[in-house]
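J.: Sequence:
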Amino acid sequence: MEVTGLSWVGTRTEHFDEMVRFLGEVLGIERDDEQPGFVSFKTPRGDKVEVFDTSVSDHDFMTTGPSVGFGVSDIDEARSELEAAGIEFMEPTQREGDFRWAHFRGPDGNIYEITSS
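Going by the working numbering, the sequence shown opens with residue 1, and the numbers climb by one from there.
Calculated directly from the structure, the hints in this document are not laboratory data. Wrong hints could be hidden among the right ones.
Pairwise CB distance ranges (calculated) [claimed, not checked]:
| hint | residue 1 | residue 2 | range |
| --- | --- | --- | --- |
| 1 | E96 | G5 | 14 to 22 angstroms |
| 2 | G65 | G37 | 13 to 21 angstroms |
| 3 | T13 | S73 | 15 to 23 angstroms |
Using N, Cα and C, we set each Cβ at its ideal position, and we do this for glycine too.
Put together the whole structure using the sequences plus the hints.
T.: The structure is reproduced here in structure tokens:
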């Protein structure tokens with residue numbers, strides 16, 4: 001498996017509006033997408049920072065703090081290697097256009113993801 005970098009950070013928070021303002025206005029990261037209870041930001045390099053309100057139930061698993069996404073060169077190969085090492089994935093590999101991701105629980109109990117595009 002080849003990890004190419006950190007490509008994504010996501011957080012689920014009760015302080016949704018404050019985090020959105022902080023990322024957009026204080027840090028100056030460009031807003032990329034917005035839906036009820038969700039805002040995505042994209043850095044000039046293409047890295048994603050996503051904020052989820054606690055009212056968004058499809059990210060209930062994000063209870064341990066921010067989650068980090070590891071960019072990989074081949075997501076299917078990476079997933080197979082991680083599963084062979086005993087890593088538990090939270091769902092099947094997801095896809096949106098050319099972007100693919102899969103969340104897993106690390107040995108420390110925290111949630112991480114692998115991503116590829």
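J.: For each hint, tell me whether it holds in the structure or not.
T.: Hint check:
Between E96 and G5 the CB atoms are about 19 angstroms apart, so this pair conforms to the stated range of 14 to 22 angstroms. At roughly 18 angstroms, the beta carbons of G65 and G37 sit within the given window of 13 to 21 angstroms. For T13 and S73, the hinted distance range of 15 to 23 angstroms is not satisfied, since their beta carbons lie about 31 angstroms from each other.
Hint 3 alone, counting from the list given before, is not met by this structure.
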